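4 protein chains.
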Amino acid sequence: MSDPMDLGKPREECGVIAVSSPGGDAARAAFYGLFALQHRGQEAAGIAAVDGRTMRIRKDLGLVAQVFSERDMDDLAGADAIGHTRYSTTGSASARNAQPFSVETRHGPVALAHNGNLVNAAELRNALLEKGAGLSSGSDTEVMVMTLASAQGKDWPERIAAAMSTWVGAYSFVVLTREGMYAARDPWGMRPLSCGLLPGGGAAAASETCALATLGCTGFREVGPGEIIEVGRDGFTRAGAISAAAKGAACIFEYVYFSRPDSVWNGFGVHEVRRRFGAALAREFPAEADMVVAVPDSSISAAIGYARESRLPYDEAFVKNRYIGRTFIQPTQSLREKGVTMKFNVLPEAVRGRRVVLIDDSIVRGTTAGPLVRLLRGAGASEIHMRVASPPVRFPCHMGVDMGDSAELAACRTSREAFLAEIGADSLEYLPVRAMRDSLDGACGFCSACFDGDYPFSVSGASGKEGFEC
Amino acid sequence: MSDPMDLGKPREECGVIAVSSPGGDAARAAFYGLFALQHRGQEAAGIAAVDGRTMRIRKDLGLVAQVFSERDMDDLAGADAIGHTRYSTTGSASARNAQPFSVETRHGPVALAHNGNLVNAAELRNALLEKGAGLSSGSDTEVMVMTLASAQGKDWPERIAAAMSTWVGAYSFVVLTREGMYAARDPWGMRPLSCGLLPGGGAAAASETCALATLGCTGFREVGPGEIIEVGRDGFTRAGAISAAAKGAACIFEYVYFSRPDSVWNGFGVHEVRRRFGAALAREFPAEADMVVAVPDSSISAAIGYARESRLPYDEAFVKNRYIGRTFIQPTQSLREKGVTMKFNVLPEAVRGRRVVLIDDSIVRGTTAGPLVRLLRGAGASEIHMRVASPPVRFPCHMGVDMGDSAELAACRTSREAFLAEIGADSLEYLPVRAMRDSLDGACGFCSACFDGDYPFSVSGASGKEGFEC
Amino acid sequence: MSDPMDLGKPREECGVIAVSSPGGDAARAAFYGLFALQHRGQEAAGIAAVDGRTMRIRKDLGLVAQVFSERDMDDLAGADAIGHTRYSTTGSASARNAQPFSVETRHGPVALAHNGNLVNAAELRNALLEKGAGLSSGSDTEVMVMTLASAQGKDWPERIAAAMSTWVGAYSFVVLTREGMYAARDPWGMRPLSCGLLPGGGAAAASETCALATLGCTGFREVGPGEIIEVGRDGFTRAGAISAAAKGAACIFEYVYFSRPDSVWNGFGVHEVRRRFGAALAREFPAEADMVVAVPDSSISAAIGYARESRLPYDEAFVKNRYIGRTFIQPTQSLREKGVTMKFNVLPEAVRGRRVVLIDDSIVRGTTAGPLVRLLRGAGASEIHMRVASPPVRFPCHMGVDMGDSAELAACRTSREAFLAEIGADSLEYLPVRAMRDSLDGACGFCSACFDGDYPFSVSGASGKEGFEC
Amino acid sequence: MSDPMDLGKPREECGVIAVSSPGGDAARAAFYGLFALQHRGQEAAGIAAVDGRTMRIRKDLGLVAQVFSERDMDDLAGADAIGHTRYSTTGSASARNAQPFSVETRHGPVALAHNGNLVNAAELRNALLEKGAGLSSGSDTEVMVMTLASAQGKDWPERIAAAMSTWVGAYSFVVLTREGMYAARDPWGMRPLSCGLLPGGGAAAASETCALATLGCTGFREVGPGEIIEVGRDGFTRAGAISAAAKGAACIFEYVYFSRPDSVWNGFGVHEVRRRFGAALAREFPAEADMVVAVPDSSISAAIGYARESRLPYDEAFVKNRYIGRTFIQPTQSLREKGVTMKFNVLPEAVRGRRVVLIDDSIVRGTTAGPLVRLLRGAGASEIHMRVASPPVRFPCHMGVDMGDSAELAACRTSREAFLAEIGADSLEYLPVRAMRDSLDGACGFCSACFDGDYPFSVSGASGKEGFEC
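Chains as they are written, first to last, in the numbering used here: chain R, 3 to 472; chain Z, 3 to 472; chain P, 3 to 472; chain L, 3 to 472.
Hints were generated in silico from the structure; no laboratory data involved. These figures come from a predicted structure and were not determined experimentally. Hints should not be assumed to be uniformly reliable.
Because identical chains share one entry, a pair is satisfied inside a single copy or across any pair of copies.
[Claimed, not checked] Okay, derived cross-link-like pairs now, EDC-like style, lysine to aspartate or glutamate, Cα gap no bigger than 16 Å in a straight line:
#1 Lys156 to Glu132
#2 Lys322 to Asp299
#3 Lys133 to Glu424
#4 Lys156 to Glu274
#5 Lys345 to Asp76
#6 Lys345 to Asp236
#7 Lys156 to Asp428
#8 Lys322 to Glu224
#9 Lys345 to Glu274
Whole structure, please, built from the sequences with the hints as guidance.
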């Protein structure tokens, strides 16, 4: 319980946004967009804006609402702005790694913000150093922006394409220059990225459509794999591309857990997909029970789907403290033994004497399920049937998601039987990969490597399935 | 939209806690308790603790997790501690009004934290000044603690009873001294206050049982109207009392909106009462519809109750941004016109082409209903039937709840028909006071003055029903 | 060397100021006045101002320039303001003890700032508690302001006089009310306090005339012992008084060390008095030497006097780091052994091969003399004759000056011979009390208790000469 | 009077230090060294240290004592450390430009801190950008460190020499790497840089010997023009060099104003040189007067020299507020008219009826002389003879000193007669360049371009004498 808010879930790395607002308040709009992307990263936030010839940037550790003041918004004048919200996968937070990352180049100032992970970052870094460059941080983003600074090409789209052709991995990114603003995505389409039209003129691109909807955007479309989109005052246009991968590899975990339920990508609303996962789970693994409850908040859509499909009543069984935020106060051993909990409380009268289906969206480290089952038991639930709306997470992600060490993954550190005993439920079932893919209308083009080890490309120092299966 | 988080709801004033933990980590336990009471006040927080002979205090503006550091916890050593979390009803936040309020008296140091409002605070204040006292803040709490300092009696329970006999209004408070710690409640029992036993020894009292449950407490019981409970290492005991009022006046709005769903008082679980309100609303005002949705988060329990009673499917229609916190960044007029919203996004595929029952727990200022109805319409809902799980709020509260000016109350500033037109729903119905009381098993002893103007006592300068009805 | 800036000197407690500026910028003027009084206390600063009916206050830990922002100045509107700068004598700094101290009374708001120490504070405090008051700090100032709140009298001058008649000790204070602003001084006239006329209208009172000069004041006069002066837009007027003590007891150490050289009181300029001390020292204890140097900065005036009287050249031998401020970085033992010093460096070529007279203004704890003598020796001085421009400090001060424990005083912990050996000088002489008084034209009415134990009144728990002589 | 502390003097840019302390507390020693160099820059400070393989850095806006905490010292472990204190010449302070500047290179991490100004920085910058580099700040230091990153050579001394051969201008710098630490100086020897041996092992290099003396160093020697010194645990050794310029150009203004009086360079103690300037001034321009006083603090040495040479008594006439620090509080026009001053107060009795020689070390913008003369007149001085211990400043410095715009220089904006009238003195004389050089034993190798326009090299866009003389 070292982080009282830690739910044993994976951590996504970032959210990005780009806004072109002819009225000149692009940074302010980017602020609201980042606010809607806050769930993708709470460690740091930043915005860079261009006003005529001058690029300005503001970034720091903290939540979006903490990092920016009204005065910052005034300073970050201009019609074009990009923003970033970050969740570090490294132990210690440092403002030095906050994004956007900006440099002066021979072509003028450039700022870049990205979501993802380059698997060849170390080689790219060494190549830059060998050429005599000096690097001031350990972040992939600096490597990316330095590659851009030296890339060949007659304009930014050409230079961006040249740089992208050297990058292997997951990357959805936005680039701000004085000449234009761009949003682009890796050839596999791993991390989400969409664009839309601002009412009254201008356009925006963002990691999730929820940020675009918050800005009142319409006319959404996804940035395609390998595609470079220019985001400008007249809307968005395709400005270039590199070849898309033969087989798409969109991260399926975005549907399971990361994305906000109101986001839409690949044509599927996230809430709807989760309800389908829940319904499929009900068909695959029905339960004799009196009610269906969810691990709040990420499992509610799946629980509603399960309840409707199984014609069992949906109810709430837990209260989750809404006042999210880091605290450094740790309970003493004595308080811990008393059962002090900051995450969840149970609603006793809702479950007393009832047979409960408990829906969780996923089991990663599996540290939350046991305490929740014990809370239900303590409140008098007579049976508890755990149903998980995704397969067991068994493989690490090399594309920018921190699943934890494989020794921490519940499916690696213990058998299913032992895990059932550990959490103390009466039964435990997972949604199979097949049923999950069926819920997406059989669409191929998704990466489900964390469930099945089927990586979209070979990973240096991490040779895929063989090396990591447990 | 001056406060992007403002939902047009009333604001409760405070949460209090007292913890006696023989292990000496009372302040740390109080911290976790306050964290569970954070919904009762986000402006300021404070903890006072006694270690042997010395009383120490730490309070400041901010959320509980922001105010206290690990070092504060070390400094606030001792087996007895009280805490407070505050929502100011006044415009400007000031650390000077943060609680607990502590002074040195002839009987040693005293700290007090309270929830409520004295209607005779001005008279008490003048009486103190006339006796030659100097007062350093404008808060009722200083008046209360100064009254205690000069109260007659051989011990603290006697002095507390003597002071209480001069106080008119709502007050649930905790008092920390070197001789003992006390929790007491006004003779009408207006604001909630309960106590429980800590596992392994010690006891606690808190505004809501959710805080006691967070500490692992068992054996809950309410502090009775007019009762003074001593909270000590051997548990809690009745230490004194003043006469309870002939007729209890427990605040019914705690069930409607304030309390956390997992809290229990007067023997009723809040989640269960809200489900009953929803079910009663379904019986009183059924709707031809396809689904039931809630204004998140406070209306979910009532919506589940309405859905189950009406045998309509419950679903989610809105996403509420979880990253609560003050921001001072305001949207420009241009952004506002584009529809930028930080509060809610809609889940379009859930409601498209559907007839929707939208449940709100209450209508106070009525500023949220219209935007939500418009979001549903924009997402393609074919009909929208607004159902409110409480009567219209029509009267101010003089017992510590800030309902806003009566000119701001929707039920005062406009007729029901005009309000229906304003929000743009297809129908609008409220739960009658009678049905609300029936849901509480016909129990009398509740104050529903904000709905019906039936105040428990005459209010100086505010002569009750006559003066305020609209 | 726990405080790298500690020079082994006594610490004065406070500086006060009151400004009446018809233009309405009294707080801003008070700010500049406090800035000139900064040497009297660096722990905390505060200003209270009255604008029409409203009193506002701002105070915090820190230097004057750190505590106040431009916005504070705007907030502290009004034509009357008082200010305070504080040096705590207690170990831990707390904003709670910062001044001015303000309360609401039956006669309206009152703020008070003082310099000094009440020897009967404990009794006054107990009397207040016994009457049923609650006190929120441990400071004498709260006791003073609470006494004022309950004092009898038809107006503030009468009430101030009534309160003063109960106070024993050193106190120079300023009081701000809505009806008027007052400056008053104890009957012995122990701590300095003067007033003057602002150019263009208005008046001011301050601990030292250097603050009045900084404001451009003219027409200085001292507030007499026991006198109450009203400071208003029309100038200053005597508003009341209590009987002055039979024998004045102005603190002679103000001339020795505390006051700024440009301040004037009792008709003597401080720089001039110090030059006289130096000249007298030269007559009493001449030295065969080549040059005269000072311990910077407080001994420069005396060194100039000694040099002129002895017809020896004055020169500088030390550089003192100007960047005064607290640092919490401590040298390691290894660095300390290397001789790392933050206070003083020597000017080698000035003293090499020379016979040097080293003037110090006083010897209190005597911790600086040794290191300075060693610096001179290390730089090649052939002889070092230490001359001290005041007698040895041998008795504690009970009137608000922290001389340190008597066990720390050089004159108590060691004999003169041993101290000479400890510091390593070739000779050591002190100015006799007699010569010091002669330099003040034989004026009686000074307190020199720290030198001769002759206290102006009996001190409870500290019976004067007998109890403390070493 | 926009900066109440502005004395109309030029601003030096920086102080640097490098410490090799085998005991591992190099950063702590660097802290004390920077503290002694604080007068060279108060805007920002930083320290970088190497512990085995890891380089760590801490830098921020603020005074040395404000920037570093005890915890920083613990973090900055290691036997080698460099530090920097900065005074920005640009309007707005930014932590981004704080030094040391560190990057990762193909040869490992490098940190650099420098004092000076490259006149070909723009060309160097463009060359880097053209090679495809990205630069993240506008500072020369980043250009320098990036040049180092790509410099050819088998080891750091070779690479440093290669980089130096491309740099034109004034630069005294220190470089920290994992292989060694270096201190080097431009071929003209413009800015000072010396090294010394730490007692007990190790060595240090610093901008001024006062910092070395603070660390207890002995065996000082200057880093020669063009020389590269390695600073290590075994002392300091010559590690390389580029050709020194045919004619040295050590900044003579270091003697006039910048350096601390206890520093020594080129074999001359600064205090001694200033006394010689004063004595020469007395010979060139004697005055019929009663006393000699100084503009504190930088003119005291010269005033003592003038007094001794002219056999007039030296005395103090001004008190300068010691509590240096930025304040943002501005006096209102009304206060300004009243004569509110934060800088200086006069000592009236010292000068009343006297003929005073007022010594200033230099006249740059000339904004202080007038107010000081008026203070003396106001205090009753009968005659005031202004004597300036250096020639009039008439030319800008291109080597890192901010003299202000030439339109601001007193010697450019007005004639000598008009300036005398402006300040209101009875006479005004300057030390001639010739006498200044004679005071340095006729040594050539000094740059006195600010006085005579004789620049050591042609300045691009600033063609030396012709273009700037007024």
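So, going through the hints one by one against the coordinates:
| no. | hint | result |
| --- | --- | --- |
| 1 | Lys156 to Glu132 | between (25 Å within a copy, 14 Å between copies) |
| 2 | Lys322 to Asp299 | both (8 Å within a copy, 11 Å between copies) |
| 3 | Lys133 to Glu424 | neither (54 Å within a copy, 60 Å between copies) |
| 4 | Lys156 to Glu274 | neither (44 Å within a copy, 63 Å between copies) |
| 5 | Lys345 to Asp76 | neither (38 Å within a copy, 23 Å between copies) |
| 6 | Lys345 to Asp236 | neither (46 Å within a copy, 28 Å between copies) |
| 7 | Lys156 to Asp428 | neither (65 Å within a copy, 58 Å between copies) |
| 8 | Lys322 to Glu224 | neither (33 Å within a copy, 24 Å between copies) |
| 9 | Lys345 to Glu274 | neither (27 Å within a copy, 21 Å between copies) |
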